[in-house]
Amino acid sequence: MSFLSLKNVTASYGATQALFGVDLSLEEGEFLALMGRNGMGKSTTIKIICRMMKHQDGEVNFAGRDMRGLPSHKAARLGVGLVPEGRRCFPNLTVEENLTAAARTGEWTLDRIFDFLPRLRERREQSAATLSGGEQQMLAIGRALMTNPKLLLLDEATEGLAPNIRTEIWAMIGQLKATGLSIIAVDKSLKELRGVADNCVILERGATAWTGSAGDLDDATASRLLGV
Amino acid sequence: MDILQLLIGGIANGCIYGLVALGFVLIYKATEAVNFAQGDMMMIGAFITLTMVNEEWWGLPFGIGVILAIVIMAGLSYLLEVVVIRKLFGQPQFAVVILTIALGFVLRFFAGVIWGHDPQSLETPFAGKAFDIGGLILGYDEAVVIIATAVLTISLYFFFQRTRLGVAMQAASQNQLAAYYMGIPVKWISSMIWAVAGVTATVAGILFAAKGAIDPASGLLGIKAFAAAVIGGFGSLPGALAGGLIIGIVEPMAQYFAPPGYSQIMPYAIMLIVLVVRPNGLFAQIQQKKV
Amino acid sequence: MSRETLINIALAAILLAVPIWAHFADEPFIITLSTKVAILALAGVGLNLALGLGGLVSFGHAAYFGIGGYAMGILASHAQDYTPFMEWPFVIEGTNQMPIIWLVAVVMSGLAALAIGALSLRTSGIFFIMITLAFGQMFYYFAISWTAYGGEDGVSIYVRNEFPGLNTLDAIQFFALAFTALMLALIFSSRIAKSRFGLALTAARQAEQRVETVGIKPFQLRLTVFVISGMITGLAGALMADLNRFVSPVMLSWQTSGEIMIFVILGGVARLFGPVAGAAMFILMEHILGGFSEFWHGWLGLVLLLIVLFARGGLIGVLAGKEKADG
Chain L
1 MSFLSLKNVT
11 ASYGATQALF
21 GVDLSLEEGE
31 FLALMGRNGM
41 GKSTTIKIIC
51 RMMKHQDGEV
61 NFAGRDMRGL
71 PSHKAARLGV
81 GLVPEGRRCF
91 PNLTVEENLT
101 AAARTGEWTL
111 DRIFDFLPRL
121 RERREQSAAT
131 LSGGEQQMLA
141 IGRALMTNPK
151 LLLLDEATEG
161 LAPNIRTEIW
171 AMIGQLKATG
181 LSIIAVDKSL
191 KELRGVADNC
201 VILERGATAW
211 TGSAGDLDDA
221 TASRLLGV
Chain Z
1 MDILQLLIGG
11 IANGCIYGLV
21 ALGFVLIYKA
31 TEAVNFAQGD
41 MMMIGAFITL
51 TMVNEEWWGL
61 PFGIGVILAI
71 VIMAGLSYLL
81 EVVVIRKLFG
91 QPQFAVVILT
101 IALGFVLRFF
111 AGVIWGHDPQ
121 SLETPFAGKA
131 FDIGGLILGY
141 DEAVVIIATA
151 VLTISLYFFF
161 QRTRLGVAMQ
171 AASQNQLAAY
181 YMGIPVKWIS
191 SMIWAVAGVT
201 ATVAGILFAA
211 KGAIDPASGL
221 LGIKAFAAAV
231 IGGFGSLPGA
241 LAGGLIIGIV
251 EPMAQYFAPP
261 GYSQIMPYAI
271 MLIVLVVRPN
281 GLFAQIQQKK
291 V
Chain Y
1 MSRETLINIA
11 LAAILLAVPI
21 WAHFADEPFI
31 ITLSTKVAIL
41 ALAGVGLNLA
51 LGLGGLVSFG
61 HAAYFGIGGY
71 AMGILASHAQ
81 DYTPFMEWPF
91 VIEGTNQMPI
101 IWLVAVVMSG
111 LAALAIGALS
121 LRTSGIFFIM
131 ITLAFGQMFY
141 YFAISWTAYG
151 GEDGVSIYVR
161 NEFPGLNTLD
171 AIQFFALAFT
181 ALMLALIFSS
191 RIAKSRFGLA
201 LTAARQAEQR
211 VETVGIKPFQ
221 LRLTVFVISG
231 MITGLAGALM
241 ADLNRFVSPV
251 MLSWQTSGEI
261 MIFVILGGVA
271 RLFGPVAGAA
281 MFILMEHILG
291 GFSEFWHGWL
301 GLVLLLIVLF
311 ARGGLIGVLA
321 GKEKADG
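Protein chains in written order, with our numbering: chain L, 1 to 228; chain Z, 1 to 291; chain Y, 1 to 327.
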């Protein structure tokens with residue numbers, strides 16, 4: 001049984017169906033890139049995995065558990081760590097408070113986070129609202145890591161950031177991969193994703209259109225399904 | 001001398017307004033809901049205590065009665081959130097406003113049915129006695145009000161700033177969605193906040209009933225406490241207390257110095273001035289919602 | 001014709017039929033009750049414009065209700081005493097002519113709404129609620145201390161004011177005036193809601209920033225609807241004062257503001273006939289339940305609770321189902 005598996009998952013927003021049969025599987029320690037054009041269902045899939053949304057048909061299994069009916073804060077307790085789209089830091093809390101608000105015991109301690117993200121250590125007493133976009137992104141990643149997740153979900157982690165910050169964050173993501181953490185990343189930067197991902201799943205109109213290893217993803221398929 | 005005496009009375013009243021305002025702000029910060037029934041919760045808390053403590057009802061020892069009443073109100077407030085308020089999750093703020101106004105009606109009605117409509121006094125161990133400080137009279141009850149308010153406010157402040165749970169509660173109030181993602185049990189936190197607001201309301205009610213008398217309409221002072229919360233900035237606990245103190249002090253001063261009738265306008269006039277000069281209140285925190 | 005329109009017509013018909021029957025059955029009290037319903041509904045129509053269309057939770061609408069009432073009280077009392085209202089810089093006599101009084105009521109409440117709106121609309125959310133409440137309270141306490149016009153006791157007018165061509169003391173004729181005013185206001189309200197102005201307001205209510213990017217200024221829109229809303233409620237206040245031949249600061253209190261808001265909600269916010277249904281329900285409850293106990297507000301609270309929890313569209317929502325276009 002895979003670490004995380006989605007089989008034929010469908011989901012709707014009210015009357016509008018968004019997912020029409022998503023298949024996805026992830027082994028422990030794997031880095032999976034979830035790709036697809038805008039509106040194809042990537043964010044919805046992420047929401048299903050961290051239980052912000054309920055799926056209709058299909059199975060969602062994580063670490064041997066069927067996730068059906070699980071509320072999102074229990075999913076977080078099981079070890080799903082989300083770095084949400086748009087960062088969503090707690091604006092009036094300090095960097096340190098943001099990190100510790102939801103922290104759980106494990107390998108990732110405050111010190112280790114600060115070692116990993118030194119800029120946060122410099123700004124530990126600053127309120128999150130005063131950080132730059134890149135720093136907030138680092139804070140969001142750090143906050144998720146502080147919950148000591150077994151699976152890290154990165155939803156558009158480099159969106160809206162300047163190129164040099166992006167490079168920094170991709171470097172960090174590469175380092176995270178090296179620690180053996182299971183990661184699913186949704187992102188638009190095909191080049192960087194291909195460089196760091198083990199496997200890719202491409203969604204088209206709410207269903208899995210292509211899966212395979214990153215190496216097998218050729219330019220022709222990429223341009224057909226991603227319009228790149 | 002007169003003025004100092006008025007000041008003492010004003011501070012004591014201000015503490016009570018402040019405690020009620022504290023409840024408003026707690027609930028607003030945590031859930032963005034405005035609880036127009038906070039004043040009526042104060043009234044019910046007072047009546048429950050009265051039932052526990054007064055000789056003609058159950059006649060329990062004061063301390064025990066107070067603790068019991070606080071626990072009961074905390075439980076009732078918790079239930080209120082779970083059973084009623086939570087149903088309005090996701091609806092516009094206005095719906096909760098109307099709901100809590102309706103709740104106020106219902107609470108006043110039940111209070112009248114259970115306890116009658118005549119004012120009643122709470123029997124306290126410190127009624128009637130007073131300190132004489134060089135001519136200034138400080139009633140035991142006034143002293144208790146001031147000390148209790150200070151203790152409660154400081155405890156809450158430290159709870160929210162220093163404890164893990166308190167920080168998590170702040171996080172939940174600043175960005176509910178993100179808090180959910182992080183595994184913070186936001187719904188449970190909302191219910192707990194209502195319970196805490198119930199506690200502050202009960203303490204305010206006990207202090208109010210101890211200083212004077214309580215009847216089902218007493219909760220209507222909630223409107224003034226509301227103004228206090230707005231003055232303080234609606235986002236800050238010390239601000240709520242400060243707002244309450246400002247109103248509490250200005251009221252008797254206006255009565256003393258200004259033409260009759262003006263003292264009633266004061267809470268609203270101050271609130272208007274504050275809203276015009278500093279729209280987010282005196283102690284405003286940064287309010288932006290990060291998307 | 002949609003279900004809601006049918007219900008609206010039915011409501012109007014009932015509101016017309018009951019007093020007509022009462023007139024022939026010689027039950028003037030019922031005519032008075034119906035008139036009250038019509039007038040309160042009118043006040044609610046005003047509030048509903050601000051609340052339902054503009055999304056503005058005004059907790060101080062009693063201010064306009066009271067200003068309308070006091071316009072009547074002041075002008076009529078001067079007519080009654082044969083003293084002028086003002087002598088300098090020019091003479092303004094009192095009057096007991098309803099059309100003039102109503103005009104003054106509408107203008108004065110409009111001006112008040114303009115002033116209050118200009119200040120309050122710079123805030124939003126809970127602050128807007130509080131600031132409108134505060135203004136309402138200030139008018140209330142001001143009226144209490146205005147001893148020239150009775151202070152807390154208010155002003156009594158002994159003879160009902162006049163309307164050309166009608167015998168206003170005849171209950172059914174006065175009802176006809178109130179009913180006509182209500183119908184006109186409803187038609188006007190419906191027209192506004194469907195106009196470009198109304199659509200822009202709805203857009204502004206739902207997505208503020210986007211509306212700004214197409215050049216629509218929400219502030220101006222909202223101020224306009226706020227003023228119109230205040231004027232309609234002001235007219236209702238004058239009519240109420242005419243009906244009771246009495247005006248007092250109570251018309252300005254936050255309890256009155258709350259009551260107007262309550263029956264708009266009871267009937268259904270943003271539903272055209274919501275205020276009519278709500279006012280009818282409110283008066284019925286007051287009359288029937290109030291007969292049992294002076295604390296009938298508790299039951300009102302319960303009904304309100306149930307509506308907010310289970311029937312957000314109010315009475316009209318229950319009867320007519322979901323609105324056709326999701327407003």
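Don't take every hint at face value.
Stated by the list, open to error - Heads up, simulated BS3-like pairs for lysine-lysine below, C-alpha to C-alpha not over 27 Å straight-line:
#1 Z:Lys87 with Z:Lys187
#2 L:Lys7 with L:Lys150
#3 Z:Lys87 with L:Lys54
#4 L:Lys74 with Z:Lys129
#5 Z:Lys129 with L:Lys54
#6 L:Lys74 with L:Lys191
#7 L:Lys54 with L:Lys7
#8 Z:Lys187 with L:Lys150
#9 L:Lys74 with Z:Lys187
Hint data in this document are derived by calculation from the structure and do not stem from the laboratory. Keep in mind it's a predicted model, so treat the numbers as computed, not measured.
Okay, the hints, checked on the actual structure:
no.: 1; hint: Z:Lys87 with Z:Lys187; verdict: holds (11 Å)
no.: 2; hint: L:Lys7 with L:Lys150; verdict: holds (20 Å)
no.: 3; hint: Z:Lys87 with L:Lys54; verdict: holds (19 Å)
no.: 4; hint: L:Lys74 with Z:Lys129; verdict: violated (54 Å)
no.: 5; hint: Z:Lys129 with L:Lys54; verdict: violated (63 Å)
no.: 6; hint: L:Lys74 with L:Lys191; verdict: violated (34 Å)
no.: 7; hint: L:Lys54 with L:Lys7; verdict: holds (14 Å)
no.: 8; hint: Z:Lys187 with L:Lys150; verdict: holds (24 Å)
no.: 9; hint: L:Lys74 with Z:Lys187; verdict: holds (12 Å)
Consistency with the previously given hints fails for numbers 4, 5 and 6, ordered from lowest to highest.
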